[in-house]
Amino acid sequence: MNMVQRATEALNRTLPDRAVDPLSTARRVVGQAVSRLDGPSKVTGGATFTADIDQPGLAYASMVPSRVASGRIRHIDVTRAANAPGVIDVITHHNAPAMDTPVLMTLTAKGCAFTDVAPLQDDVVRWNGQAVAVVVAESQECADSAARLVDVVYDAAPARTSFRGLLSEAVFPADVLGEPSEVSRGDVEDTLSQAAFVVDEVYTTPPHHHMAIELHATMAQWSPGDKLHVWDSTQALGRTRHSIAHAVGVPEENVTVTCRAVGGGFGNKTVWDHQLLCVAAARVTGRPVRLVLRRQDVFRMTGGRAPTWQRVALGAAPDGHLQALVHDSVTGIVHENSPEQVSVPARHLYASDTYRIGQKKVVLDVVPNASMRAPGDSVGSFALESAIDELAGHLGIDPIELRSRNEPAVDPTEGTRFSKRHLMEAYRRGAERFGWPDRNRVPGARRDGRWLVGHGTASAFYPYIRMPGGKARIRITADGHAVVTAAANDMGMGTETVQVQHAAERLGLPLDRVSFEFGDSTLPDSPIAAGSAQTASLVITVAQAAEELKKVLLRRAPRHSALHGLKPADVVFRDGGLYRVSDPAQGVSFETLVGEVRHVDAVGSSPMLPLEFMKYSMHGYGAHFCEVRVDATTGETRVSRWVACIDAGRIINPKTAASQIRGAVIMGIGSALMEEGLVDSRAGRTVTASAADYHMPVHADVCDIDVSFLDIPDPLTPMGVHGVGEIGIVGVAAAIANAVHNATGVRVRDLPITLDKIIDGGAAR
Amino acid sequence: MEHDGISTAKVTVRVNGSSQSAAIDTRTSLLELIRQHVGLTGTKRGCNQGACGACTVLIDDQRVLSCLTLAVQADGREVTTIEGIGDTTQLHRLQSAFIDHDGFQCGYCTAGQICSGVALASEAAAGVPSVVTDDLHADEVDLSLAEIRERMSGNLCRCGAHNGIIAAISEVYGS
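Residue numbers (my numbering), protein chains in the order written: chain A, 1 to 765; chain B, 766 to 940.
Just to be clear, a hint being listed does not mean it is correct.
[What the hints assert, rightly or not] Facing chain A, a subset of chain B residues (Cβ under 8 Å, in silico):
| # | residue |
| --- | --- |
| 1 | 769 |
| 2 | 812 |
| 3 | 814 |
| 4 | 856 |
| 5 | 858 |
| 6 | 860 |
| 7 | 872 |
| 8 | 875 |
| 9 | 895 |
| 10 | 931 |
Derived from the structure by calculation, the hints contain no laboratory data. Every residue, glycine too, gets a C-beta built ideally from N, C-alpha and C.
Taking the hints into account, I'd like the entire structure generated from these sequences.
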């Protein structure tokens, strides 16, 4: 932390808290299980995704991937490809337009790339699968076919591709999302050596891939005056626009980015090489160009979750009191990229007399890693929450009771107060729903035919984040409808539905008189949909716009009306109009206030930097419970029951929020039991580069998932909300590992928990 | 036929009851015929290698992966896409059930899930067994949750809407 940050924090601690949002307890529309407003369009095939959009004169692009992980292109011959039927042009580093570096993704910068090296600018190969050429043709069939005819000769150089082989070279990154890469208190190793009960184990996790079903798609079209329109499957409209404008060297206002529907994002629908290459192809050919990644390109040209190595060591007194907590970790990343923040949960979950919590990085020559659903926290919690369960077993204490005995009074590493923390209440309610008292207590003791049955639990956790910046506009039309607009994103979270619910509640309107327009960068700039932060970030800007709207409408109040001369604090939105606070019978409808003009507009901006999470410890929590059945002969593991109880603040829509938690649990089941990105360390090539080779849960793998929310508002957040997109995956893999141990007596510390590891552990017979 | 060095063929397919003819590159998949030439974009490309199910459509009421079907193979056949199942003014009951049970999030795999759901009902009604069917000789297979899950496992969903999808299909076709 630098001097400026220290000074800001010190000042921030003296500032008063923002007043509690009065809507935190409103229940007219917010809190209702409203079905998705985009439902009819999505179940009929009417929703428009990027690859569905056509343009007159459209050309089609296909990329040529490199075959080596490191080195130089000695020779590239495009003759055969250029002469193939239908080919318009072939672009390589010899003829690609000059591009500046893409802007990296950080909390404060406006970029959203995971590599700061622009494509096709030199002859250097940086990873296996990186694009070395782009073919543009009159049809996709012609482009794909000709892409195979580009002849490339490489001078391959030694590449760093084996994460586990390079662990000894790990070094500390400069920081972990602005926090120190390691935090410590006391002599943790000495304390550990003297503790009565000790767990000291290594846990490992492989690369994971987002595998959104929609293939990344871009369409680019240049028009006179250096204007550029990009249709892109992005989860960050504004940042995509900024990144592209910066890279291609045109003013940001010349670029429009449009994206109405995204077919899943999970952190990886950001800026990669293909958008810049599509824009370059449109520039070179003078045609609108569409570039849709092939499935293997998604695996090799866009990054996933980094592999991790983690040591967790816990030392405890006989009563379970934690005396030492070590979480040392290493992640495999690309130069200064996102570090995969695995050490975050251990910084906030447990009180311990001494601790050392930190992470190092190993730099690899692979496709740059990206943020994937609860980056760091999900795989970090696998190690931490497995170790806590192991400790509970050694101590002979119920794992929930062990957690209860180590609940911190204040944030354990930052010393800040909690804005809210209801972790143990989530455990209490979840345990009740699951029937935890009836669980199997002795590992390997419960059997149902060929199945060994086990039960496990683990904590969910995710930071509260509100993105800085952002605007929203509210338009009241002459017929008394409200249209809320922001350049927001919806990859399936239900953005439109919950923002309509919010605005309807805020403006005192029924749902059918509110609409939400999003998905285009010409609308008021809105933050990236990431970090589970979009809902809170939008709510606060829309709330600000509503306050501005009061001022605008009051200025329009007729002289003889009940509102004449009043100030914003004197009025509330209710029943389709503005009413006096002091006399609820006195008010004027929106229709009257808008009057003769067609509409009235007000714009709100995010009021201040999100300083609240520097002053308080602000996190979501939850408790996962699961039952697994492990085949006693083959080691096959099935998840047969799941209960998740989540403490993520106020829930705007329990239907869509529960779906987000379920989706995260299912992705977590995948990480626990099957998902494993395999890299051939000789060539640095991802070999699991298809939906058939990269296994993820299918319908037959998914049981009914019981989701409940505590629904307790956070007094310091807009409308009391936290994000719900990521917290659900955190703790899932640990809960399954703990249940597998409970079923079989075998502790697997290396994800995924596959049959061979259970058999090698001696469980199956 | 050959045109500018590209082998072409004329195909005629009935799509959602309407006859469609096109002279196409013989490499064109049924998926791209539907999307590019007929202009119905509700059917999605998720992998183009038959592994995800997003492109599922019906040929003569049986489900097929349109990305692995050449357009010429569908010549003279009856193809039903999501647009032919129901529209926003008249939703098919399975489409309504998907909305009620929140059987989708991003909506990208949804067309394939719904087409598969419609087809599996007729497969079960015709007594076609699956790996979890107990009675292989039954005239009709009861669609238990296990049957539906098994028969839907070729349709991947990454948002994790599995519970809602299965609940919707079970409500409409389940035993």
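Self-check item: Per-residue hint verdict: residue 931 of chain B, partner chain A, C-beta under 8 Å
Solution: 6 Å, holds
Quiz prompt | residue 875 of chain B as chain A interface residue, shortest Cβ-Cβ below 8 Å | solution = 6 Å, holds
Exercise. Verify the interface restraint on residue 858 of chain B: the C-beta must sit less than 8 Å from at least one C-beta of chain A.
Key: 11 Å, violated
Quiz item: Was the hint right that residue 856 of chain B lines chain A, CB cutoff 8 Å?
Solution: Nearest chain A Cβ about 7 Å off; hint holds.
Quiz prompt | Interface hint status, residue 872 of chain B versus chain A (Cβ within 8 Å) | solution = 3 Å, holds
Quiz item: Does residue 860 of chain B pass the interface check with chain A, least Cβ-Cβ distance below 8 Å?
Solution: Interface hint status for residue 860 of chain B: holds (4 Å vs cutoff 8 Å).
Self-check item: Status of the hint placing residue 769 of chain B at chain A (closest C-beta pair under 8 Å)
Solution: It holds, given that the least Cβ distance between residue 769 of chain B and chain A is near 6 Å, below 8 Å.
Quiz item: How about residue 812 of chain B: closest beta carbon in chain A under 8 Å, or not?
Solution: Residue 812 of chain B check passes; min Cβ-Cβ to chain A is 4 Å, inside 8 Å.
Exercise. Let me know if the C-beta of residue 814 of chain B comes in closer than 8 Å to any C-beta of chain A, holds or violated.
Key: Hint holds; residue 814 of chain B Cβ to chain A Cβ min 6 Å, cut 8 Å.
Quiz item: Regarding the hint that residue 895 of chain B lies at the interface with chain A, is the smallest CB-CB distance below 8 Å?
Solution: 10 Å, violated
Of the hints listed earlier, those the structure fails to meet are numbers 5 and 9, in rising order.
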